[in-house]
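Engineer: In order, the protein sequence lines correspond to chains X and D.
Following my numbering, the numbering of the first sequence begins with 189 at its first residue and continues without gaps.
Following my numbering, the numbering of the second sequence begins with 3 at its first residue and continues without gaps.
Since the hints were made in silico from the structure, they are not lab data.
These figures come from a predicted structure and were not determined experimentally.
All residues carry an ideal CB built from backbone N, CA and C; glycine is no exception.
One or more hints might be untrue.
Pairwise CB distance ranges, derived in the manner of DEER restraints [what the hints assert, rightly or not]: (1) D:Leu82 x X:Ala268: 35 to 45 Å; (2) X:Leu227 x D:His79: 26 to 36 Å; (3) D:Asn32 x X:Ala268: 32 to 42 Å; (4) D:Gln44 x X:Arg251: 21 to 31 Å; (5) X:Glu239 x D:Thr81: 37 to 47 Å; (6) D:Leu82 x X:Thr193: 23 to 33 Å; (7) X:Gln205 x D:Gly31: 29 to 39 Å; (8) X:Gly272 x D:Leu53: 30 to 40 Å; (9) X:Pro249 x D:Ile105: 22 to 32 Å; (10) X:Glu241 x D:Gly17: 46 to 56 Å; (11) D:Glu16 x X:Asn265: 38 to 48 Å.
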Amino acid sequence: DAGVTQSPTHLIKTRGQQVTLRCSPKSGHDTVSWYQQALGQGPQFIFQYYEEEERQRGNFPDRFSGHQFPNYSSELNVNALLLGDSALYLCASSSTREQFFGPGTRLTVL
Amino acid sequence: DAKTTQPTSMDCAEGRAANLPCNHSTISGNEYVYWYRQIHSQGPQYIIHGLKNNETNEMASLIITEDRKSSTLILPHATLRDTAVYYCIVRLSGGYQKVTFGIGTKLQVIP
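Bound-form chain X, shown alone:
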């Protein structure tokens, strides 16, 4: 079992661009959550997807959107990138009992 996987590992974008990050959940997990971790801070919850619908959302603007596919994989989209969007983006997949985090995607906005 590969666990939670994320792609790409690293990404560099410029201000105003759009980015898509991808996550494949652990086998048997049907729920995917996304977190943003700025340097020196703890991860902050962005939103959670279950059955292809956004179930919970944290305090993030509409520039942050997501999608979940029938195979439970998920994408995080960020539009109109700002310098402050530079962070490690973490995906976590869940079953009823457990939650596992992926290795993250490091996004740098120049």
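Mind docking chain D on chain X? Use the hints.
Structural biologist: Just chain D now, kept in the frame of chain X:
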């Protein structure tokens, strides 16, 4: 989720026990104490959780005070690979609950 308070940083000698404290005075009756750790630039890793009884697994022990207002994570024989940021989190149980992270404790294991 209830708020937690942890020291910003701690040092521990290699081979000694690392005791990481956490205060959670506003914890409610159905909230659990969870501990995660994050090794540099990796995703957080689950360590242990408990409701009111002490818990032990292959990684660590969790001691929760009787009033549940504080807890201690114990790494019995710290190694250099235990150097990480440790997060104490209070939340409802279950994999679907969002996790609210604080700043955590930066544990440095010293040779």
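Engineer: Does the structure break any of the earlier hints, and which numbers would those be?
Structural biologist: As far as the earlier hints go, only 7 is violated by this structure.
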